[in-house]
Amino acid sequence: MNKRSWVRIALLSPAAIVAPVYAADYLSIPQAQELLFPDAGTFKEHTVLLTASQKKQIKSISGMSQRWDQQRVWRVEKAGGFLGWFIVDEVIGKHEFITYAAALSADGKVIGVEILSYRETHGGEVRDAEWRGHFKGKSLSDPFKLEVDIPNISGATLSCRNITDGVKRLLALHQIILAHESGD
Amino acid sequence: MNPVIELRRMKPQLGTFVEISVGGIRRERLLQAVSRAFDTGALIQRLMSFHDADSETNSLNREARRAPVQVHAYTYQVLKMAKRIWSATGGLFDCTVAPTLMEWGYLPRHLSAAGNYGGDSGDIELQPDRRVRFRRPICIDLGGVAKGFSVDQMVKSLKNDGVPYGCVNAGGDLRFFGNREYPLQIRLPGAPHKFMCVGRFRETAVATSAPYFSAKQFRKRRVSPLIHPASGKPMIGRRSVSLFAPDCLIADALTKAVILDPDFPQPVLRQFQASAVVLSQSGGVLSLNRL
Chain A
0 MNKRSWVRIA LLSPAAIVAP VYAADYLSIP QAQELLFPDA GTFKEHTVLL TASQKKQIKS
60 ISGMSQRWDQ QRVWRVEKAG GFLGWFIVDE VIGKHEFITY AAALSADGKV IGVEILSYRE
120 THGGEVRDAE WRGHFKGKSL SDPFKLEVDI PNISGATLSC RNITDGVKRL LALHQIILAH
180 ESGD
Chain B
0 MNPVIELRRM KPQLGTFVEI SVGGIRRERL LQAVSRAFDT GALIQRLMSF HDADSETNSL
60 NREARRAPVQ VHAYTYQVLK MAKRIWSATG GLFDCTVAPT LMEWGYLPRH LSAAGNYGGD
120 SGDIELQPDR RVRFRRPICI DLGGVAKGFS VDQMVKSLKN DGVPYGCVNA GGDLRFFGNR
180 EYPLQIRLPG APHKFMCVGR FRETAVATSA PYFSAKQFRK RRVSPLIHPA SGKPMIGRRS
240 VSLFAPDCLI ADALTKAVIL DPDFPQPVLR QFQASAVVLS QSGGVLSLNR L
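Respectively, the protein sequence lines represent chains A and B. Here the first sequence stands for residues 0 to 183, where the numbers follow numbering that gives the first Met the number 0. Here the second sequence stands for residues 0 to 290, where the numbers follow numbering that gives the first Met the number 0.
Isolated chain B, as found in the complex:
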């Protein structure tokens, strides 16, 4: 039997639709807990949004090259994980491809897209007291991990408020928590309004990357926001990659690395207790990496 969900709410947050489904305790308590979880999401959006010129992400982009900038514990934690995953994926996950995203119109141009950027996530220097400095001129966008991080923090907040089970889904990056099994569906890359049921899961986070909603023409060229950091080329194939991991930040970040490299090394996935499901255009399972 599927878990009984007693409350579901959805808000526009982090540039997408965030849905929280919960159950197991009185409705009044669920309402309060869900409101607090959404407050956490709103805080993370204010800190990390690239679209908001006043976010900490953009303070860093303006100032961290000149002098260290002190950031919120959340931002510091995300940067630390982003660096760790950058290093583990051999640079395939890199939060410094923002200049290309600005040029292609995926991000607003708060700064000059054509600035003299040169560097990668390795140039983010994390100092004591949550201070951050950029060793080289880089421009960061935490869009690739902030949603996953937010899902994790919202789940933490719901658990702290005594919610026994539920799901937080930030526009396709989701996490199930509690001692209940949930059916999971993945969008078909060739027909994303259709879904394929892939099984039932508990205590698992899943994130999916694919260019089906975001690919577009830019100056007679097909582009997507899934950019290979080394070549600068966009991924425009029709496959999707869904990453299963214990927490959503890891799933969110690793899915971007795996979609860029069809031969992504298994040991790296194992290191993060993650597994990948790659779907072809028609929904065929191209690869299934087991734990």
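Bound conformation, chain A alone:
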């Protein structure tokens, strides 16, 4: 390691610089679509509306609560052939609020997952409607620039269990709704 860096450490007073809560955007929806389905021709968006009984079914299959009544999904095709589904979803963890995209194959297998946006929180405000509204105001389909000054943070590991659980929920949604739409 560079010895000079250590001198700089010693010169800093402890806790001199405290950065705000971490937030980062990784990919726009079109960018994630291209990465997860590089061969796709078209992405047809539609919003799945869920009834109370369907939400109950999702919970009983996956063990996860479907909190919202609508889910944005894209039917992915190439030259009329059906490739699978692209779904944008959100999960709330103990410390983070995440928007991610999942790609499911035509037969309902997970092809891949990409994080679109990651917001870290103090814990409390994650359920705060106003805070969430602020986050939602950001259009994910807009192209965005990366900040030049990226905080590289070392710390104890955060679990990605909430994403694993979110994907389980999407697979249940596929099973009870999307699987029956495949032949459209």
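It is worth saying that the hints were derived from the structure and are not from the lab. Bear in mind that the values here come from a model prediction, so they are computed numbers and not experimental data. All C-beta atoms in this analysis are idealised placements derived from N, C-alpha and C, irrespective of residue type, glycine included. Errors might be hidden in some of the hints.
[Claimed, not checked] Below, simulated BS3-like cross-link-like pairs (lysine-lysine); rule was C-alpha separation at most 30 angstroms, straight line:
id, chain 1, residue 1, chain 2, residue 2
1, A, K43, A, K54
2, A, K93, B, K79
3, B, K215, A, K93
4, A, K58, B, K215
5, A, K167, A, K43
6, B, K158, A, K93
7, A, K93, A, K77
[As the list claims (entries may be wrong)] Facing chain B, according to a computed beta carbon distance under 10 angstroms, are these residues of chain A, among others:
id, residue
8, Y21
9, A23
10, L26
11, S27
12, Q56
13, C159
Following the hints, position chain B against chain A.
The following block gives chain B in isolation, referenced to the frame of chain A:
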């Protein structure tokens, strides 16, 4: 000036969020290189995950006591390093505390947590042709090194694909590569959503251990997955240990040993070209071991 990062992607991998930030060449090439690096991470996850019952880790746990099991070169390499660090740290880093982790609910119970386990990393016998045998009944979990190893292999893959500089961060265990300096922040142990800037670094790996995200109650007792192999006791203090080393596997493994022993011997760190920064609850620097 900070390096210009032209592409950043994050995926859930190895039980955490893995972020790759790169720059310096055309975006199309960066995209390809990053996808390949993530493929490497996915392979390492399939081989070493304890959560996946079909991983090589769990094949070893089921079969290596009875007969040698041939493993992938990656798994063999990780086991070799895990043994080396176990030996150098006087047993403080030990990948055989899995039975306690299962009992406390940190790992799934593929095998009986209450099985007749007895032994340590010294009982992992590495034979020729990448075959592995357990001399005594042990249960291994490579979670303490697989993330660091994966970061190293992903960096290797990115470099092989011509990426000149960047950073791979596997949920807090990270490595900077290339001829660029990066600002580094460490979470404050007493308020982990806040970060302290500790300086700028290049060609360095950093891993941090602390119980702030993982400590919990288990049968009226405070526990964490940072378990002292000799006493079986969990580390539940409020300090954090960040280990700086040339590669991330070493940093990842050594940080677990140093957090268990506040008087960890300096010569051992030097042997691995490593240095430790210990932060108190409020972010005070408790100790700073220089190279």
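(message) Taking the earlier hints as the rules, which of them does this structure contradict?
(response) 2, 6, 7, 11 and 12
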